[in-house]
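Undergrad: Put the two chains together into one complex; each comes in its own frame, and the hints tell you how they fit.
The listed protein sequences correspond, in order, to chains A and B.
Residue 223 in numbering that gives the first Met the number 0 sits at position 224 of the first sequence; the count goes up by one each step and never skips.
Residue 51 in numbering that gives the first Met the number 0 sits at position 52 of the second sequence; the count goes up by one each step and never skips.
It should be emphasised that the hints constitute simulated quantities derived from the structure, not laboratory data.
A portion of the hints provided could be inaccurate.
Unchecked claim - Derived, one-sided and incomplete: chain B residues facing chain A with beta-carbon distance under 10 Å:
#: 1; residue: 20
#: 2; residue: 85
#: 3; residue: 99
The structure presented is a predicted model; accordingly, all values stated were derived computationally and were not measured.
Quick reminder that beta carbons are idealized off the backbone N, C-alpha and C, glycines included.
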Amino acid sequence: MVRPDTGMNDRHSPNVLTGTRIRERRMAMSRRQADIARAVGISPAYLNLIEHNRRPVSPELIARLASELEVPADELAEGREEVRIAALREAAAHPVAATLSPELEQVAEFLARFPGWGQLLIAHARRAGGLEKQLVDLSDRMTQDPYLLTTLHEVLSAVTAVRSTAAILVEEGEISDEWRRRFHTNLHEDSQRLSLTAQALVAYLDSFEAEGSAATPQEEVEAWLAAGAPAAVDTPQLASDAARSMATQLEVGLHQDQIALPDQTLIDALVHNDAKTDPLRLAARLGAPLDLVMRRLADLRPAGYEGAGLLVCDGSGALTLRRAAPGFPLPRPGDSCALLPLYQSLATPQVATSQVVATPDGRGFRTFSYATRSQPLGLSGPLLTTAQMLFMPLEGPAPDDALPIGPACRICPRGACPARREPSILVPQTGPSGATDRSL
Amino acid sequence: MQLDILMIEDEVNIAEAVRFILTRAGWRVDLHGDGDGAIQIIRTQRPRLLILDLMLPNRSGAEILAELRQDADPELAAMPVLMLTARGQVGDAGGQADAVLSKPFDNDDLRAMVRKMLS
Numbered sequence: 000m001v002r003p004d005t006g007m008n009d010r011h012s013p014n015v016l017t018g019t020r021i022r023e024r025r026m027a028m029s030r031r032q033a034d035i036a037r038a039v040g041i042s043p044a045y046l047n048l049i050e051h052n053r054r055p056v057s058p059e060l061i062a063r064l065a066s067e068l069e070v071p072a073d074e075l076a077e078g079r080e081e082v083r084i085a086a087l088r089e090a091a092a093h094p095v096a097a098t099l100s101p102e103l104e105q106v107a108e109f110l111a112r113f114p115g116w117g118q119l120l121i122a123h124a125r126r127a128g129g130l131e132k133q134l135v136d137l138s139d140r141m142t143q144d145p146y147l148l149t150t151l152h153e154v155l156s157a158v159t160a161v162r163s164t165a166a167i168l169v170e171e172g173e174i175s176d177e178w179r180r181r182f183h184t185n186l187h188e189d190s191q192r193l194s195l196t197a198q199a200l201v202a203y204l205d206s207f208e209a210e211g212s213a214a215t216p217q218e219e220v221e222a223w224l225a226a227g228a229p230a231a232v233d234t235p236q237l238a239s240d241a242a243r244s245m246a247t248q249l250e251v252g253l254h255q256d257q258i259a260l261p262d263q264t265l266i267d268a269l270v271h272n273d274a275k276t277d278p279l280r281l282a283a284r285l286g287a288p289l290d291l292v293m294r295r296l297a298d299l300r301p302a303g304y305e306g307a308g309l310l311v312c313d314g315s316g317a318l319t320l321r322r323a324a325p326g327f328p329l330p331r332p333g334d335s336c337a338l339l340p341l342y343q344s345l346a347t348p349q350v351a352t353s354q355v356v357a358t359p360d361g362r363g364f365r366t367f368s369y370a371t372r373s374q375p376l377g378l379s380g381p382l383l384t385t386a387q388m389l390f391m392p393l394e395g396p397a398p399d400d401a402l403p404i405g406p407a408c409r410i411c412p413r414g415a416c417p418a419r420r421e422p423s424i425l426v427p428q429t430g431p432s433g434a435t436d437r438s439l
Numbered sequence: 000m001q002l003d004i005l006m007i008e009d010e011v012n013i014a015e016a017v018r019f020i021l022t023r024a025g026w027r028v029d030l031h032g033d034g035d036g037a038i039q040i041i042r043t044q045r046p047r048l049l050i051l052d053l054m055l056p057n058r059s060g061a062e063i064l065a066e067l068r069q070d071a072d073p074e075l076a077a078m079p080v081l082m083l084t085a086r087g088q089v090g091d092a093g094g095q096a097d098a099v100l101s102k103p104f105d106n107d108d109l110r111a112m113v114r115k116m117l118s
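Just chain B, same shape as in the assembly (with noise of 0.2 Å):
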């Protein structure tokens, strides 16, 4: 079964508590916390949305996000991407995510949002 939504954040706690919000809503989600290596996981497990924090150890988000829409696999560069920023740190990879969510967040609002783009 595919999985739903591949989180990669290395904030465990923010992590452990999106995880727990979106599987209660019911989507399948799995996490990653590091920048290394989040690549080959996206390829791996091909979820149908991606929570991507811009600020990861190893390797950005915006640059796993900008390899990502280079991406030769046309469904995998088109990916529905969902980045989660600091108010104003989000730069030019605002631009390729399909929509950005500022922390601190609503756990409601993560929710309509998520369930926006998986719909």
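Excised from the complex, chain A in its bound form (with noise of 0.2 Å):
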């Protein structure tokens, strides 16, 4: 289990700065993490970690990262007052403080002044943080995921048959030899059947303790992409057979999605001005049509396209992927934010659209989305539909006129939305007499 990061000081404990600086200089230099991770020898769940303040870097590990990130070592240890000020000023904006007006003008004065008690506030503020990550984790598994219902539901079948079974053979008087040996097998056989379950369920719930490790089969084949797509046989992050398996189909898609439009072809391209911001006069310079040269800019992330992400979803609004891009909250598969300009262009099939949307912390990005309509069984076949959004990070904060959008409704930290559909755990909630509600 990863323990939250008490940020105290204790020579154990992962220095606060190191691992926002590090994540910091990387994502300036828009390289990925599992390219560095591979370039300096440690896997990329470590350098997640890291990067996350919860694992110490020692020295040789920051002088390699520092070599890699291209900055002197020094300059990664450095800048602690001012990563503690932005630290107390992320406390400051998390919505519990709304009310609370703390002096943010004096942010460094009160750190200069009292410098202990600055860093049990930023400790705190990290602790909750943290748990507030846990318990969204949960909270969307113990609702939404299919693969712990169905496990669970495993586990109340062999229950039930056990109870039941056992119960005829204590209570049910004289039972013919042939019945009582049939029953003992299907205890025996149930027996088994729920001491795998449970070291299932035991396993899965331990998985998803530690921060960024891969639970479903989606969340595995995301990891996979986002280590480059190495071959989908024996990678790390393929660790089950449905993972594996949609790896394959999405890799042979990846495939033939370069023959159709190769890199060097789709790069050329590029040079024309207008191809550089417009995926629509990209396309119609290639002559290739739009929803292939979208998945080839995510998946190549020319220039102009750096950074770019991808959601597909289906004519249901159901995910089939999630590539993800720096800051970007990636909606839950099930539990998405339905302003999304994605789902809006399931409504205009064959119309691509551009707009520019805000996430709650204030990045800005660009959105391109596009939706076509199929129907591989012919005429007389169902009519499919699928969309796909594009999105770049902008520089600096997001415009004021961004679309305001965010992850499920259920961890959005936006109050006024006019499409929420359920209330936020992370926003204290008020009822018609104004007074907050401690139910949640």
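TA: In structure tokens, the structure reads:
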């Protein structure tokens, strides 16, 4: 289990500064976590923990990271004061502080006068943030995760069979030898099934205590994509058969896309200014289908589309592919933000739309959405819709007129949203009298 | 002779235990293990009581019950139904069933409930 970072002055605890600075530097260079991790000889998961200040970094590793990130090693460990000020500002920006009016202009003075109290406040804010995330993950999985629901159903079925069968053997008096043998066999089968399912359940619950660990086949595939989509056989990101099967299918699709639109052809077309920011014009220049161009841009991430992410959903709105972009709150399968332009495009198939969106933490993303329709079974077959949304990070904060979006309602801090389906567990709820509802 | 109880349940060992308990209590019991074809079997067998699991392969117990309640034959539409379910899963289907029994259940409770519904 990952223990929350206390941020206290413990030589075994992670250095708050270093992880944050490593992450900032890496993102400034638009480098992928997996690439840096590979270059310095650690796993992407471990680098992720370092970047989130959850693991200490040895001087040797700092030196290797500094070399890879092209900065002096000292620089990764400097700026302690700036980072602490930023951490306190981050704590003050949390919705829970909305009515408390902390004296933001005196942050630096506060830290200078009371460094111990400052560190304590930062440690508590980080711990609260970590617990909040864990709560969100657990809540999400408990209510949405088909794997968990199916596994619990298996446990319940086995328990029901064991209970009824055992009661028959104990309470029903005379039973023929044939039935007795059959019930003993059933008990044996069900007890084995119960122990296997219980073990799988415990392993599964353990798996998402660790931050960043993949738990569902879709998450495994996403981790595999984030690691640069190495050959789908024998990669550590793909632990389950379902994930390997999905990755193999995706690998074939990516390969076919690459043949239909080779890297160099795409890069050559991007020399034209109008194509650099407009995938529709780019597709027109290439004479290629727009949905293919969007997938290739998300895969190759050429100049003008650095850090691009991609979301794909079917006509029911179910997400079939999520390719992350730094800072973008990826929607959760089955519980997404209704305001995403991806879903708007389902209503206007074959029409490309572009929109700037703002994430809850103020980042801006340029999005480009497009939905296609097909009838793979011919005229008498069903009409299928697929929508894609390509999104690229903007420099600086989101503009004022950007569309405010979020993750799932339950974990979205935006209080007033016309598309809200349910209250957020991150924002204190107020009843009709204005009193805070503590039942959440 | 009319069938007393038809049980639609995909878990073989649960179905076998329930059949043993109810048969020993004197009722004629038949089993079917899939959501597919369940409605046809209900129509053919016309049992006095239907025991229906909620989570079935291919077609859920809730869907089967909804279709049964809409049947043109008023006798079939009004057939007594005992729904077996995990606690908290029953949802709207609970309102259409005559009784709901949560898994895991006590054999005596099952017998008592069936006796009451068939009396």
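Undergrad: Please flag the earlier hints that this structure goes against, numbers listed from lowest up.
TA: Hint 3 contradicted; others consistent.
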